Amino acid sequence: MPTQKARPRYLAFRVIAGKPVSQLEVFNAISNAILSLHGEYGLACANIHLIDFNPGKNCGIIKCNHEAVNLLRSSIVTVTQIAGQPAVVFATRVSGTIKRLRQKLLSK
Amino acid sequence: MRRFVDLHLIPLLKDLSAIEKMVNLAFDVGLSAIAFTFPMDAPLEEIEQARLICRKVDVNFASRTDLSPSQPRDLIRALRKARKKFEIIGVSCGSQTVARCAAKDSRVDLLNFPIESHSVFDRYSAQFAIPTSAAMEIDVISMTQFQGFERTKIIGKLNRRIEVAKKLHIPIVISSGATSWNTIRGPMDMAALGSFLGLDLQSAIEAASTIPMSILTKNRIQLDSSFVTPGVRFIRRKIFANAKGKT
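Protein sequence lines correspond, in order, to chains E and D. All letters in the first sequence, in the order written, are residues -3 to 104 by my numbering. All letters in the second sequence, in the order written, are residues 6 to 252 by my numbering.
Chain E on its own, in the form it takes in the complex (with noise of 0.2 Å):
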């Protein structure tokens, strides 16, 4: 059956950085980063979400629009620092449900 419901997307994540991040930063970092690369357009279709951060071992869950995992990626990539210090962030899981990405990231 059609529907206009959108299809969210639930992307797993890790952050490794030079002192411990909070949840903020980490959100202002990576949305700040999708408004420097696609633009307030960009950041208005991706609809991110953080879903869940957990600062002890620095990894997390962020909500998208299905069609913006690429995007939201792409992004990520160019995150250089968070709260001025040096930071990576890279995806480790992409999921459709977030039960399922919990069950993919503790059989990990």
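You may find that some hints are simply not true.
[As the list claims (entries may be wrong)] Reference listing, derived: stretches of chain D covered by chain E, where coverage requires no fewer than 3 residues with Cβ under 8 Å from a Cβ of chain E:
#1 43 to 56
#2 69 to 83
[As the list claims (entries may be wrong)] As a list, the in silico BS3-like pairs of lysine-lysine whose alpha-carbon atoms are at most 25 Å apart:
#3 E:Lys95 - E:Lys53
#4 D:Lys26 - E:Lys15
#5 D:Lys223 - D:Lys86
#6 D:Lys90 - D:Lys223
#7 D:Lys61 - D:Lys109
#8 D:Lys223 - D:Lys89
#9 E:Lys1 - E:Lys59
#10 D:Lys172 - E:Lys53
#11 D:Lys61 - E:Lys53
Think of the hints as simulated: they come from the structure by calculation, not from any bench. Quantities reported herein were computed from a predicted structural model and do not represent experimental measurements. Built from N, CA and C at the ideal position, the CB exists for glycine as well.
Using the hints provided, position chain D relative to the given structure of chain E.
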């Protein structure tokens, strides 16, 4: 399973802890093979040391050197020295004459066009520099180290180069060009950036996996002692005795 390769890491070779950190991060982001860039006169011990660090982390190691000659003559001379020592040879093509010479030489693996050079790889000049066996390399670091207007110029240039390479069927390799741990990037993320620059996603993924891996495999076969010529190699040596029993 797809194996991802990054053929362009440029660590500070004296700093072993920095190398170790880079190798660990390369493993974490999902790279199964990496190539470290060494100067042409690097001692073999230095290369072996880096190989040992990679072996500990279970990452496939390759040695690479970058040549940046000003004249074709210098390139040929440098290639003669470097080909048997390094598994990967990249040439930074600063001028059209060097680009043409490097493209014709089968000993060159990767052609790197500096971002600041204007007309070395445009629509016209690229027709004379179609490589016989080499691939064009794109370094992601050129995009991450700038922001704003500078980056828009780089994106424009890379976009045009990819368009030309696609038209002339030149294979493309995406590398990070990382100089420290914080410039290493995930291979799938680099492929996504490649797709944003004009490659289709499948070709971008191949540019970070299959194409660099095939270059590495081909060169390893050629550097092997049993290699004679393409398609011919020693399988075993057997000494035949003649009728009188002499060998």
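Hint-by-hint comparison with the structure:
no.	hint	result
1	43 to 56	violated (count 0)
2	69 to 83	violated (count 0)
3	E:Lys95 - E:Lys53	holds, 19 Å
4	D:Lys26 - E:Lys15	holds, 15 Å
5	D:Lys223 - D:Lys86	holds, 19 Å
6	D:Lys90 - D:Lys223	holds, 15 Å
7	D:Lys61 - D:Lys109	violated, 38 Å
8	D:Lys223 - D:Lys89	holds, 13 Å
9	E:Lys1 - E:Lys59	holds, 15 Å
10	D:Lys172 - E:Lys53	violated, 45 Å
11	D:Lys61 - E:Lys53	holds, 23 Å
The earlier numbered hints that this structure contradicts are 1, 2, 7 and 10.
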